[in-house]
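Chemist: Below, each chain spelled out in residue letters.
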Amino acid sequence: MISFSQVSKRFPGGFEALRDVTFTIEAGEMAFVSGHSGAGKSTLLKMIAAIETPSSGSVVVNGQNIGKMSRTAVPYLRRNVGLVFQDHKLLFNRTAFENVMLPLHIAGFDPTEGARRVRAALDKVGLLNREKAFPVALSGGEQQRLCIARAIVNRPSILLADEPTGNLDANYAHDILEMFKSFNQVGVTILIATPDPTAAREWKARLLTLNHGALAA
Amino acid sequence: MRIWLIHHRQAAALVLRQFARTPVATFLTMLVIAVSLSLPAGLYALLKNVNDLASLAHGEPQITLVLASSANSSAIDDIRARLQKYADIAEVRFISREQGLQELNKDVGLGEITAGLEKNPLPDIFTVRSTHHDAESIVRLQKELQALPKVDAALLDEAWAKRLEALLGLGQKAVLILAILLGFALVVITGNTVRLQILSARDEIEVSKLIGATDPFVRRPFLYHGALQGLCGGILAWAIVAITFHLLNDNVGKLTDLYSFSFLLTLPSTTDIAGLLIFGALLGWLGAYLSVGRHLREVEPH
Ligand SMILES: Nc1ncnc2c1ncn2[C@@H]1O[C@H](COP(=O)(O)OP(=O)(O)OP(=O)(O)O)[C@@H](O)[C@H]1O
Ligand SMILES: [Mg+2]
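Those sequence lines, one after another, are chains A and B.
If you use the working numbering, the first sequence closes out at 416, no skipped numbers anywhere.
If you use the working numbering, the second sequence closes out at 380, no skipped numbers anywhere.
Because the hints were derived from the structure by calculation, they are not lab data.
Here the structure is a predicted model, which means the values were calculated and not measured.
Be a bit skeptical, because a hint or two may be false.
Below, a sample of chain B positions facing chain A; criterion: calculated Cβ distance under 8 Å [claimed, not checked]:
1. 81
2. 84
3. 86
4. 88
5. 92
6. 105
7. 147
8. 281
9. 282
10. 289
11. 290
12. 291
13. 292
With a straight-line Cα cutoff of 20 Å, these simulated SDA-like cross-link-like pairs (lysine to any residue) come out [unchecked claim]:
14. 380/A / 322/A
15. 323/A / 282/B
16. 331/A / 374/A
17. 288/A / 378/B
18. 288/A / 126/B
19. 126/B / 246/B
20. 288/A / 246/B
21. 288/A / 288/B
22. 288/A / 278/B
Beta carbons are placed, not taken as given, at the ideal position from N, Cα and C, and that holds for glycine.
Next comes chain A alone, as it looks inside the complex (with noise of 0.2 Å):
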C-alpha cells in the first residue's frame, strides 16, 4: 500500500531531509512516525500524498509511483488520501461547515448527501455545535479536530497525521487517537507523525523512527 524504497530527498539549498529510507507499510496497518523536530516527519508524510517528490529512490502509494505520476493523476491520489496537517491549512473565510464540505465539493458530491457526511464528520470530532463558526473563532485544538473532520469527511483509504494532536490536552489526545483506532478497525491504512515514540507503544502500533532523515533500525 505504501512503500519506500531508498528514498532520499535533498531540498533546492542542498540540504537532505532524508536518507536512504526504506520500508513497507500494508493496507489496513496503523503506523506511527516519531523522530526529533526536523528529523523529516512532514517530508516523509508529503511524499506519501504527492506533495514532495523524491530525490532519489522510489515511493509507491496504492500501486503508483509518486515520483513518476502524471500531473493530472496527482488530484485522484490525493482524494483517497486523507491529510491531517501539522499547520492545520483551514481556509479562514469559509465556516467550519464550509471547510469540511470542500473535499466533498471537488469530488463532486451532491450538496445533500454532502452535507450529511460533513455533519457526520462533525460529529464524531466533537465540533457539530460549531458548524458555523469560523477558524478564527475557534480554539487550537477546535481547529486540529476540524482539520481531522476534513481528513476523513471523503473516507480516504490513508489517513497520514502530522502531529494530530500537537495542541490538543491528553484526553483529547486520547480520544483523537482512539478515533484514529476505530477508523483503522474498518481498514484505513493510517500513518501518525509524532514528536513522543510512546503512543506507538501504548497503542500496540509500529514504529519507524527518523533520526535526522535517516530511519533508525
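Given the coordinates of chain A, assemble chain B with the ligands onto it according to the supplied hints.
Modeler: Relative to chain A, chain B with the ligands alone:
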C-alpha cells in the same frame, strides 16, 4: 455529467458572490472593458449608418441594362415582364435605341456627328431603380440582372459605387484595427484582474490542490470570472453606443433637415449585439485563461 453541472453551477455562484463582495471595483473594471468595446462597436454601427446615408445623399443609384443587338421586340417584352416581377425593383424604364439617339441629338447637340452615321450605334436599354439603398443589395441586384438572357451588361453608376466602396473599405479597416487593439487591451485587463483574484485566493487554491482539486476545477471560477466580466462589459458597451446614438440623433435630425431629407442613426441589429456580447465574453475568457495558465503553477502547494 451531473458532477460537471454541479461544478459549473458552483463556480458561477462563486464568481457572482465575488462580484457582490467588491461591487465598485467590479463595476469599474467592467466599465473600462465597456469603453474599449464601445469604440469599435460604435464605429461599426456608425459605418452601417453611413452606408444608408451615402445612398440617400447621392440619390438612388440606377442600374442600366444594355441589351444585346440581337434582342427583338418580343425579347424586350419578355425582359420587361421579368423585371416587373422582381420584388426589389422599384421602377423600370425602357429607352429604345431610336429614343436614345434622339435624346443624344437634342441634349448634347451632337446632331451633326450622329447624322453622319449610317447606322444607329446605340443599344436598347432598360434603366432600373432598386427598392434598396445599401450598396450590398444593389450590387447583388446588378449581378442578378447581368445574368438575364439577351442582356449584354448591367451597369451601375460607377462613381457612386466606387466612392461608397472606398469609404466603407476605409471604415471597415479602421473598425478592424480598433477591434484588434482594444481586444488586446481587454485581454490584458482581464488577465490582470484575474491575476489579482488568484493572488487573493492563494490559500484557497493551495488547500484545494492539497485535498485533490484538479487543475480544471481550480481554473474554472477564474474563467467564469473573465467571461462574465467580458459579457457584462459587452452589455455596458452596447448601452454606451445606444446612449451616444440617442444623443447624436438630435443633431443628426437637425443637420439632415437642412439638407431637406430625413435620416436618423439606427442602432445595431440583434445579431450585431449578440456578436458584441460573444466577442466580449470570449476575450474575457481568453484573458483569464492565459492569466490562470501563467500564475496557477506559482501557487503549487508545499
Ligand atoms: N521546502 C524546504 N526547503 C528546504 N528545506 C526544507 C524544506 N522543507 C523542509 N525542509 C527541511 O527538512 C528538514 C525536515 O523537515 P520536516 O518538516 O520534515 O521535519 P519534521 O520532522 O516534520 O519536524 P517537526 O517535528 O518540527 O515538524 C528540516 O530541517 C527542514 O528545515
Ligand atoms: Mg513536521
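Chemist: The structure should be examined with respect to each hint, and the outcome stated for every one.
Modeler: Hint-by-hint comparison with the structure:
no.: 1; hint: 81; in the structure: 3 Å, holds
no.: 2; hint: 84; in the structure: 6 Å, holds
no.: 3; hint: 86; in the structure: 11 Å, violated
no.: 4; hint: 88; in the structure: 7 Å, holds
no.: 5; hint: 92; in the structure: 10 Å, violated
no.: 6; hint: 105; in the structure: 22 Å, violated
no.: 7; hint: 147; in the structure: 76 Å, violated
no.: 8; hint: 281; in the structure: 6 Å, holds
no.: 9; hint: 282; in the structure: 6 Å, holds
no.: 10; hint: 289; in the structure: 5 Å, holds
no.: 11; hint: 290; in the structure: 4 Å, holds
no.: 12; hint: 291; in the structure: 5 Å, holds
no.: 13; hint: 292; in the structure: 4 Å, holds
no.: 14; hint: 380/A / 322/A; in the structure: 17 Å, holds
no.: 15; hint: 323/A / 282/B; in the structure: 25 Å, violated
no.: 16; hint: 331/A / 374/A; in the structure: 23 Å, violated
no.: 17; hint: 288/A / 378/B; in the structure: 14 Å, holds
no.: 18; hint: 288/A / 126/B; in the structure: 58 Å, violated
no.: 19; hint: 126/B / 246/B; in the structure: 9 Å, holds
no.: 20; hint: 288/A / 246/B; in the structure: 61 Å, violated
no.: 21; hint: 288/A / 288/B; in the structure: 9 Å, holds
no.: 22; hint: 288/A / 278/B; in the structure: 16 Å, holds
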